[in-house]
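Could you build the full structure based on these sequences and the hints that come with them?
If you read the protein sequences in the order shown, they are chains U and A. The first sequence: position 19 = 241 (my numbering), numbered continuously. The second sequence: position 60 = 96 (my numbering), numbered continuously.
Please note: incorrect hints may appear among the correct ones.
Cut-off 30 angstroms, straight-line C-alpha distance, at most; resulting in silico cross-link-like pairs (DSSO-like, lysine-lysine) [stated by the list, open to error]: (1) A:K302 / U:K225; (2) A:K107 / U:K225; (3) A:K222 / A:K107; (4) A:K302 / A:K222; (5) A:K222 / U:K225; (6) U:K225 / U:K335.
From chain A, some residues computed to sit far from chain U (all C-beta separations above 10 angstroms) [as the list claims (entries may be wrong)]: (7) R102; (8) I334; (9) L403; (10) A448.
So the derived label-pair ranges between C-beta atoms look like this [to be verified]: (11) A:A42 / U:L352: 35 to 41 angstroms; (12) A:K302 / U:Q346: 41 to 47 angstroms; (13) A:H528 / U:K225: 45 to 51 angstroms; (14) A:K302 / U:K225: 24 to 30 angstroms; (15) A:D164 / U:L240: 57 to 63 angstroms; (16) A:I324 / U:E285: 37 to 43 angstroms; (17) U:Y326 / A:K302: 37 to 43 angstroms; (18) U:L240 / A:E434: 22 to 28 angstroms; (19) A:R421 / U:N303: 41 to 47 angstroms; (20) A:R421 / U:K225: 35 to 41 angstroms.
Since the hints were made in silico from the structure, they are not lab data. We put the beta carbon where it would ideally sit given N, CA and C, even for glycine.
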Amino acid sequence: MAKTQEIVVVGCGRLGSLLASYLSNEGHNVVIVDAREAAFDQLSAEFSGFTVVGDATEMAILEQSRINRADCLLAVTDQDNINLMVAQVARTMFEVSTVIARVYDPTREAIYKEFGIDTISPTQLSADALLNILHQSPLVMP
Amino acid sequence: MGRYQAFLRQRYRAVGGYTGLVCLIAGIGILSPLLALIFYSEEWVLAGGFLVPGLLLSAFGWAAWRWLTPKTGRSLTLQEGSVIVVLSWLLVILVGTVPFIWISGLTFTQAVFESTSGWTTTGLSVVDVTQAPRLILLFRSITELYGGAGLAIITLSAIAGPSGSGLSSAEGRSEQLAPHVRRSAKLVLSIYSGYVAIGILALRIAGMDWFDAVNHAFAALSTGGFSTRPDSIGYWDSVPVEVVTWVLMLLGSFNFVLSYLILRGKWSSLWRDGQVRLQIVLIGGSAIVLWLGITGAIYGSVGKAFRVAVFEPISALTTTGFSTVGYGDWSGLGWLILILLMLVGGGAGSTAGGIKQMRIYILYRSLLWEIQRMLMPDRLVSEPRIWQTNNRRFISDEQVRQTALFVFLYLATYGVISLIMAGHGYSLDESLFETASAMSTVGLSVGVTAPDAPTTLLWTEIVAMFLGRLEFLTVLVGLIRLVRDIRPAISHD
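See the structure below:
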């Protein structure tokens with residue numbers, strides 16, 4: 223990601239606020255959306271983008287978040303269904319080139335793949351990491 | 037050295053570094069009048085008056101920036117931003133006095149006054165413009181040009197500055213044009229420079245010579261109001277010059293976000309915006325009252341009466357401070373209208389000063405809402421909303437509280453400073469007028485501000501201009517933070 227990108231982050235939780243602050247610090251144009259205004263208190267001082275209060279599953283809120291010119295959308299709310307819906311809308315309606323969603327439930331990842339949405343599953347990642355440690359540990363080695 | 041002390045020192049290295057960066061940019065600003073030597077080479081003997089302070093400030097700034105700025109932790113909080121803004125503005129104003137003392141032979145107080153008036157885009161003056169060399173006149177306009185854009189904004193857009201919006205918010209520019217502070221600052225500067233270029237051309241076509249056109253374009257768009265003539269815009273007594281100046285002053289007092297949307301063709305945001313509506317009502321209403329009440333009777337021709345009735349309200353509300361006539365023969369009605377307009381001031385996030393139209397509009401809408409709520413059933417749930425550029429905003433109780441407190445602070449300070457003025461023996465109307473003019477960084481004068489005014493009076497106005505430009509709270513927060521941190525940061529135990 224060399225040049226300045228337009229990025230929409232949906233969900234300002236621990237992950238969303240961290241991502242938005244990093245990306246803003248790197249010089250990208252960041253808009254972050256959350257339904258609760260108080261959520262934006264988690265953003266660090268590096269963040270200098272726009273904040274939009276509202277339900278990201280509404281088209282009007284997404285349009286207000288400058289999704290029309292976004293290069294990238296990150297759906298990172300704590301609800302798999304919301305992430306899926308927002309990501310799908312961004313992909314098909316607004317044709318955002320890069321859409322990444324967080325999914326807790328690994329079984330859903332297949333559906334996302336069909337829609338052309340990249341996914342990160344914390345559950346899957348944790349499982350892989352744990353298994354990795356277990357396999358390297360001499361105690362459990364067969 | 038305790039942990040807290042180490043932390044404070046590390047933070048103040050960053051503060052020092054970015055203060056240096058602002059000084060570097062401002063130093064280049066002080067050097068820039070020298071470009072005019074290409075056209076007026078006979079004034080080269082005056083060059084030292086700009087070279088020495090400009091180079092010293094730049095060198096100091098560059099050194100502080102290079103050595104102090106930390107490699108990590110480059111973001112600034114609003115409080116740290118406030119300290120930087122206050123420190124750098126004070127330094128820049130101080131260094132800005134050198135050309136006035138060196139070249140024009142002003143006393144220190146007069147020079148500080150002129151410098152503060154310039155950087156804060158006020159336009160009150162103690163320099164005799166008929167005697168002043170061209171370089172000094174241009175320098176005054178350039179300080180207004182810089183001060184209008186805001187030193188922090190120029191710094192943020194020019195070189196890689198701190199990340200985060202602490203610095204620009206501290207200078208009263210929390211509203212952004214783009215979702216990144218640097219991109220936003222760059223956009224503001226492009227719009228501003230575009231306006232200036234068009235303004236210079238338009239004034240030249242309207243009948244000024246190039247030198248006057250440059251100076252007046254700088255002064256009008258920064259809503260500063262320094263003129264190269266004692267009679268200000270009245271010297272030309274020409275319709276085209278006045279009309280062009282109307283437009284430039286209004287553009288200067290427009291919120292930059294609004295300018296940006298209009299330039300991108302979103303005209304609907306113009307008519308919906310609360311500040312624009314308020315501005316239309318205020319200027320239209322004042323012009324009609326002034327015309328019927330004052331100018332119609334004083335100035336013979338209908339044309340002249342109309343022009344004066346439109347020009348002066350625009351100049352007062354945009355906090356520019358150009359004038360086409362003197363106000364000595366106006367009645368109390370005219371003075372009061374101008375005082376009220378000056379207190380209201382321009383748009384939030386513009387180059388103008390004053391309480392700002394946005395705050396007045398928020399309070400007005402909240403008042404309407406309060407009355408409506410009393411007439412409605414108890415259980416009614418409603419939220420007052422306003423159009424701010426193309427966004428619909430809901431007014432929160434917190435916002436109303438902050439706005440009301442700011443207006444209270446503004447008016448209380450206004451009362452105290454008027455009191456000090458009246459204490460110097462000036463009449464009530466003169467004191468109220470001149471105080472409003474200084475605090476809202478307007479620059480209209482009824483004759484109180486003069487080179488031979490008492491020293492204490494000039495210093496009072498200096499404080500008023502400084503507080504007015506940086507919107508009080510930044511100055512308070514910055515100074516208090518600094519004073520509180522100094523002792524723990526340098527103590528040896």
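Determine whether the Cβ-Cβ distance between A:A42 and U:L352 falls within the hinted range of 35 to 41 angstroms. Cβ of A:A42 to Cβ of U:L352: about 39 angstroms, so the range 35 to 41 angstroms holds.
Quick check: does the Cβ-Cβ distance between A:K302 and U:K225 fall within 24 to 30 angstroms? holds (26 angstroms)
Should the hint that A:H528 and U:K225 are 45 to 51 angstroms apart at their CB atoms be regarded as holding? Taking Cβ atoms as reference, A:H528 and U:K225 lie about 49 angstroms apart, which means the hint holds.
Please verify whether A:K222 and U:K225 have alpha carbons no more than 30 angstroms apart. holds (16 angstroms)
A:R102 remote from chain U - nearest C-beta pair above 10 angstroms: holds (21 angstroms)
Assuming the hint says 35 to 41 angstroms, is it satisfied by the Cβ distance from A:R421 to U:K225 or not? holds (37 angstroms)
A:D164 versus U:L240 beta-carbon gap, inside 57 to 63 angstroms or not: Taking Cβ atoms as reference, A:D164 and U:L240 lie about 60 angstroms apart, which means the hint holds.
C-beta pair A:K302, U:Q346: status relative to the range 41 to 47 angstroms that was hinted: holds (44 angstroms)
Exclusion check [A:I334 not at the chain U interface, CB over 10 angstroms]: The claim stands: A:I334 keeps its Cβ more than 10 angstroms from every Cβ of chain U (closest is about 50 angstroms).
Straight-line alpha-carbon gap U:K225 to U:K335, limit 30 angstroms: Answer holds: U:K225 to U:K335 is near 27 angstroms, not above 30 angstroms.
Does the Cβ-Cβ separation between U:L240 and A:E434 fall within 22 to 28 angstroms? holds (26 angstroms)
Can we trust that A:A448 is non-interface, i.e. its beta-carbon lies farther than 10 angstroms from all of chain U? holds (31 angstroms)
Hint check: a violation occurs at hint 19 only; the rest are consistent with the structure.
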